[in-house]
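Asks: Working from the sequences, and respecting the hints, build out all of it.
534 is the number that the numbering used here gives to position 534 of the sequence shown; each next residue is one higher, with no gaps.
Wrong hints could be hidden among the right ones.
Result set (DMTMM-like, lysine to aspartate or glutamate): computed pairs, CA atoms no more than 25 Å apart in a straight line [what the hints assert, rightly or not]:
1) K324 to E446
2) K481 to E493
3) K496 to D18
Restraint ranges, calculated between C-beta atoms of paired labels, are given here [stated by the list, open to error]:
4) A529 to G248: 25 to 31 Å
5) A321 to T73: 26 to 32 Å
6) A224 to K271: 41 to 47 Å
7) L311 to A529: 44 to 50 Å
8) P454 to Q261: 54 to 60 Å
9) V547 to G306: 18 to 24 Å
10) A374 to A529: 41 to 47 Å
11) A529 to Q261: 33 to 39 Å
12) A472 to A381: 25 to 31 Å
Source of the hints: derived by calculation from the structure; they are not laboratory data. Just so you know, even glycine gets a beta-carbon here, dropped at the ideal spot from N, CA and C.
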Amino acid sequence: MTTADATLAPSGALGILDKERTVATAGFNRWLVPPAALCIHLCIGMAYGFSVFWLPLSRAIGVTAPKACPDMTLVQELFTTTCDWKVASMGWMYTLFFVLLGVSAAIWGGWLERVGPRKAGFVSALCWCGGLVLGAIGIITHQLWLLWLGSGVIGGIGLGLGYISPVSTLVKWFPDRRGMATGMAIMGFGGGAMIGAPLANLLMNHFKSPTSVGAWETFIAMGAIYFVFMMIGAFRYRIPPAGWRPEGWTPTAKANAMISQNHVHLKDAHKTPQFWLIWWVLCLNVSAGIGVIGMASPMLQEIFAGKLIGLPDVGFNQLDATQKATIAGIAAGFAGLLSLFNIGGRFFWASLSDKMGRKNTYYTFFILGIVLYALAPTFAAMGSKLLFVLGFGIILSMYGGGFATVPAYLADMFGTQFVGAIHGRLLTAWSTAGIIGPVVVNYIREFQLAAGVPRDQLYNTTMYILCAMLIAGLICNYLIKPVDAKWHMSDAEVAKLQAATASAGSSRPSGSYGIGFGGLDAKAAMFWAFVGIPLAWGVWKTLESAVKIL
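Replies: Right, dumping it as structure tokens:
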């Protein structure tokens, strides 16, 4: 064993979850880290697909039909054991998911940087999968508050920790391709529902009986499946030695003022204007996109109505119940197709940002988004389903791309030392957008309906308001400049932090330590197949539904 190997090897006295035990040694292939991140993100990404449970759970007592109690208040609904839950009440799970995701990422982001991705991934698995089990108990006992607490609150904490756990690790492993690296991991969060939703349907159909809709059994089964996958991901995480860089690679910072080689401390990041400008850039981009996700199905149905089933002159209100059910199924395919664009955009735009730069990538999001939102009413008036679907597909690709590009944007601005924790705090922008986007879209729709606006023109005003939001985001992006040098940590401060772990000494120079660029060897190919096969199955199931639109 070389001196470098001996220095990098973890101590046998350390716990298996400790950060020092995850430091890579000579010969490690960095391409094993992205599929480890995907193992976790594909599981927690099921948060996007939880609506698959709402209708079955709305008849958990009645089984074949809901046992409704129309006069029941929300407080009574939390504790009732004799009446079925309303779909709207279960929909609060989405709010809990994404509010808790942002809050937990902000609160525990600094802890994650100290303990490393393995321990964070492990705790994420306990929270997410344990929350599913607790939610199953809530279904068995028919206690809505327990479902909210288990899957919503505890599961939401697992979402936050799992979402940010690989970010700083991947940014450090791929200093030459930061955008692509985070795009590979974060696309898994968008793809989780593509696998989880059809899997949940299969399991509920398998477990259902004359006395059960099969939901609690599915919660238990998925909790067990997800726990295995997330444990594999957490224990396959590795972090590079401090100061590591691929052999022969030199930073491009001197040629690009927007990429810093310095680091900003977590306690100072939020004091800079750059943090808040990027916060608003993410919030406004996400607010516009998340509003579209929430209204995708009703929007397609109300705008195109009979055109979806070969009846071009029949409006939505003129359709009978059977026809409405048919176009609802087609609209579900539209929502699925948007999820594909969402996932693909996370990898495509984040990878492209390595060539274009993060700021130019966000310029593209905002300018192209403004054009497409402004043209959406025209596409609708033309009756062109293809242009309409393609336009919103591109919009959703940029929504996903915004999530995947922002960690690299933060690393460019603030360095990599605290990027995971800073990213965690920035995700409060997502929590805020999760409220702003749907509220704006839904209230405008209700106002338009009350004003007697025809259903096929119901969303025109909404599109122009979303344009205005993107214009504001464009201005924020324009104002982003390099961080003032007064916020940079000194070399001594960085060395002191790195020396606090067994992975680095304060005097150790940068180098490759026997770890190169890596590649798709047999071991890496098998790990990628392990996560790629379920993802391919999810894509296939989504395309089966989406093809019905055209």
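Asks: When the hints from earlier in the document are held up against this structure, which numbers fail?
Replies: none
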